[in-house]
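Trainee: This is what each chain is made of:
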Amino acid sequence: MVILMKQGVLAPDYLVDIQRNPELVNLKYSPKGVVVGASVTHRELEQWSGIKQRYVALATALRKVGNIRIRSVGTIGGNLAYGEPQCNLPTVLAALDSTAVISNGSEERVVPVLHFTKDIFDTELKPGELLKEIRIPEMPPRSDCEFIKFCSRTAEEKPAATVACWIQLEEEGLMCKAARLVVGAVGSRLFDCNTAAKHLLNTQLDDESELREVGEKAKNEIDPIDDLYGTTSYKREVCGELIVRAIIEAKERLIRKVVDHD
Amino acid sequence: MFTEIPRLEGVGKVTGSLRYTSDLEVTGMVHGKILRSPHPHAKIVSIDKSEASSLPGVLAVITAADTNRNKFGFMQEIADKQILCENKVRFVGDEVAAVAATTIEIAEEALNCIKVDYEVLPPVLDVNEAQKPDAPRMHDKGNVALSGQFGRGSILEGMREADDFLEADYETQRQAHVCFEPRCCIAEWDATGNLIMTTTTQTPHTLRQEISRMLDLPISKVRVVYPPMGGGFGNRLVTSMLEPIAALLALRCGRPVKITNTREEEFATARTRYPFKVHVKSGYKSDGTITALDITVVSDNGAYNDKGPAVMGATRLILNHYSVPCINVNWKLVYTNQQPCTGFRGFGLPQMQFALESHLDELAEKLHKDPIEIRMKNSAEEADRKCIKTVVDASGFMKKRGKEGRSSDIILRGIGIATSVSSGSGTRIYGHNSSGAMVKISEDGTVTLITAAVDLGTGAETVLAQIVAETLGIPLEFVHVAGRDTNITSFDLGALGSRTTFVHGWAAKAAAEDAKKGVLAAASKLLDCDTKELEIHRGIISSRTNDGKRTSFEKAARYSTTRLNTAILGKGMYVDDKAVSMSLASGDMGETTRIIFREGEFAAAVGHCAAVAEVEVDKSTGRITVPRYWAAVDCGRVLNPLGARGQTIGSIAQGIGYALFEEITLRDGQVINPTFVDYKIASMNDMPEINVAFIEHDDPRGPYGGVGLAELSIEPVAAAVANAICDATGIRFRRLPISPERVLFALKGSSGDQSLK
Amino acid sequence: MTEWTELELVVNGKCHRALVQPHWTLVKVLREVLGYTGTKEVCGMGVCGACTVLVDGKPISSCIELATRTTGRTIETVEGLASGGSLHPLQKAFLEKGGFQCGFCTPGVLMSAKALLNENESPSLDEIKEYMGGSQCRCTGYLQIIEAIIHASKSMGKHRSALTADAGFKGDSP
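Chains as they are written, first to last, in numbering that gives the first Met the number 0: chain A, 0 to 261; chain B, 0 to 756; chain C, 0 to 173.
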């Protein structure tokens, strides 16, 4: 936000520092999953034991946000509320089916992270509202999530695309029982690749040609923007490929997990 | 002495206490800001500065009417730029007016109050468009700003000797220097009308000449002071108008004026590397010997002339590099309504070597030969072949080449080689290349080297101090370096062309030798013996014949000053007596100015290098990484291994950016990526594992056997990477930067980059 | 009319009073009001890391941090790295290994490296790259920076083990 102020895009009359509000630095387990207060920093969350083992993809995404300075002091709430289209974190949070809790001081409402950012730098937050916390559901059995940040030029820049997939296996074997495929950073908001995810259901996850089909379907479910990070057609192509790679990675980890478990 | 010596100025840098120009404030100082053109091409109908002038805190507002309207060029023969635009603006960012105010904020507000009425003209944004007969003219003359030719032998004969030909087009982009310290200067006039210009410059003495020409001042009235600088890389060879504008504002308001470029101004107006379009036609024999190279270079000059002639001049070094008997290079620089370009590390060689070293691989491929054989056959010097052999052996090139790529794996692997040559001594293009130094010995035995060398951050001062310490036989701690002021230092061309270690090294050595005579004269009196029997080692002066006769450097210095009444001051010169044989002359040919390089050896000494890059290409995204890189560098004797390795690795980092992602992108004449977010330089995580080998030997041309190396290693990077990508994918990329997008679509067979297979 | 406010800032252990405008960034206040010009502003967007200082021990981009937000917290800049006339091991290592050239990014790189070593006494190469990846440099090509950090970490480790050994001998807890 200070950048926007320096560029003269924003000129607020008042700025309120909410970082030290104790209610917002919450970080706890609940029966339904994890609750992350809006003022928790990326680094705190990344290094929290509750994240490291159970939400590997989220930990990956947290390590890939901006740079160490942003991760050290930047907060999860700030990340989402900024509405940055070239995002990392919202992509994986959405794949995990997380929700954002918005408060206006007296009432709270809950919005899926998937729909939190409406457009470039434009979120669900209305004047007088505050992002209070993010709720990440418990990881269901036989399921896992994978996240990929793709930078098209250097290793340290805003992503040209981020993809996250969450998949759940049937009781036995490699048949996909449930899936969520989310693409971020390519356009003005997150894209839920529903059709592609549906195609994945009742598919054997080691069937490469079916996975290719999922990738093809995902390509057509996103609406990328032409920019310095890539053209529309390039971003489509890459996302199709990365979705497949993410599914394979998630599957591999699930197999390891199941084997460990057995 | 010639070991890994840490930087002399290093403590200042790691403690944050070293003051750069951007850190300086002068009592009474106010701030200048420049109003720049928002249009690529427009007539200035009128400028109304009244509102800006009356703003509280505004001390001066100037336009072309307040200047002497002199046209400027680094060579006066090619002058085409006024300090502030008078009738026309020619690129987005062109200087239109300027303001001095008590704060930067007020100066910015004042800029918004200046009303300029423009009549927008159709812009010329492409070199091909610009050369069409009906293209809008940007200056009084035609749009081909400068042109020239050089080479050797007869191309016709060379082509006649050939069994076959290969033709290809290569293209490079605008690369930004991205100096971390922005351009900035403080202009101050003293009571007697002398101008003191404290500034970020690589070329203080030629800047002094430029300012004197622009402001109609005698050279003696201009004093350029140059504090430590946060990078240069060729960006600060010529004034970008900051200095004359600051001087005029300071004169107007009677206060020192500081102007600092914003980062956006830095990216969008402070000049870039010249982008080249290179057409290469080679004639060759079936054994791989090239008989003729016919090369045409067309470059976007941008809106005004800058270092173009010198950039093209540097490409003459291909004559040293290849043994090809017939070479012809025709070049032209074409005006467009875009940001002007300037010199950048390697001058024109990174561009030219991308084309030629890619071409060599294409030739090898066509002849079913390996790229090493082709290079060995056409290399002119044993030093090049030694470098090639070193990197080939170290990298296991022959084992890896053509083996790892083209697999069904998601990652394709390839390896590629390229070579280059660069001046290690500065060039003779200007017709003179000399400089001088002084070595002062204080009464306590400490030594001050007064040098005209400019240390942009390269470590030049440290190497020069090492040379002085070695020559005098004293520990390095005795030596200080001073200068940084054109009123003190000898005339010099500046820090460019990897000339500092060479030119200033020789001058410093000569000055130290001269001073040493004074010390020995004092010691001989003190010890009552002949100077001829004395030697200095680690600060101790002793007699070679009489063991008992010894004293210290310090005592001798004190004795000379206080007893003999003789202050010790040595002076030394480097004189390149062949430099006059090589210079550029311009001839007005009506529509275009032709630049003629006179005959002669281009540089007093050259360095050589060969590089091998390994790449990994991600088949599903086209993303390229360079995991490993080998460089073999011949710069004679390495005088400071720490600095030499740092220069080499730093060059490679800039070369990787050049090859893969760095590009100033213009749309409708406007730079659309003028920030660190949108213009990317290599980060730590883009760097390969790098193995640098120095082929050390005493080069008799250089001081203590060493020659300059700062530019060498950037030159072959892009071609080595492109050749490796071709090895991995079978696709030849002839345009930089090689973006993942182009790679992916080429892999899928749907782009302009065509497979050779 | 411009609003001014007086801040108390603790920089390198010294308390300062600074008259600032509320929207001023920390780097502006450090450089222009308090005279800590060691910290440089390069990209102005929190990207390059040249302006890195530590606030309560954490690395931040002072070019996008408001000075008003840092009152009552401890601010460390490059000027505070050396203590008692002797250089910090990181400073020594950067000198010995050639971890800088023009030196303009160096204050930020050093502060970031300090934060890294505070968090992790002996970081692996990958950990260094992950932590330091967002600190950019145009001159060095980074490899000598990495070497310097590893060198500093080792020399601090030796120092620590010497301290521990020393303490053990005396029977005191450190």
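Worth double-checking, as some hints may not be accurate.
Said to hold, decoys possible - Using 20 Å as the maximum straight-line C-alpha spacing, the simulated EDC-like pairs for lysine to aspartate or glutamate come out as follows:
no., chain 1, residue 1, chain 2, residue 2
1, C, Lys27, B, Glu104
2, A, Lys5, C, Glu31
3, A, Lys5, B, Glu128
4, A, Lys5, B, Glu166
5, B, Lys618, A, Glu137
6, B, Lys747, A, Glu137
7, A, Lys5, B, Glu104
8, B, Lys618, A, Glu212
9, A, Lys51, C, Asp55
10, A, Lys51, A, Glu106
11, A, Lys51, C, Glu31
12, C, Lys27, B, Glu24
13, C, Lys27, B, Glu107
14, C, Lys57, A, Glu43
As the list claims (entries may be wrong) - A few chain B residues facing chain C, derived, Cβ under 7 Å:
no., residue
15, Leu7
16, Gly15
17, Val25
18, Thr26
19, Met28
20, Glu118
21, Val119
22, Leu120
23, Asp133
24, Pro135
25, Gly645
26, Gly649
As the list claims (entries may be wrong) - Simulated coverage check for chain A against chain C, where a stretch passes if three residues somewhere in it have a Cβ under 8 Å from a Cβ of chain C:
no., region
27, 58–66
28, 69–76
No lab work stands behind these hints, which were simulated from the structure alone. All C-beta atoms in this analysis are idealised placements derived from N, C-alpha and C, irrespective of residue type, glycine included.
Trainee: Provide an ascending list of the numbers of those earlier hints which the structure does not satisfy.
Mentor: Hints 3, 4, 5, 6, 9, 10, 11, 15, 17, 18, 19, 20, 21, 22, 23 and 24 contradicted; others consistent.
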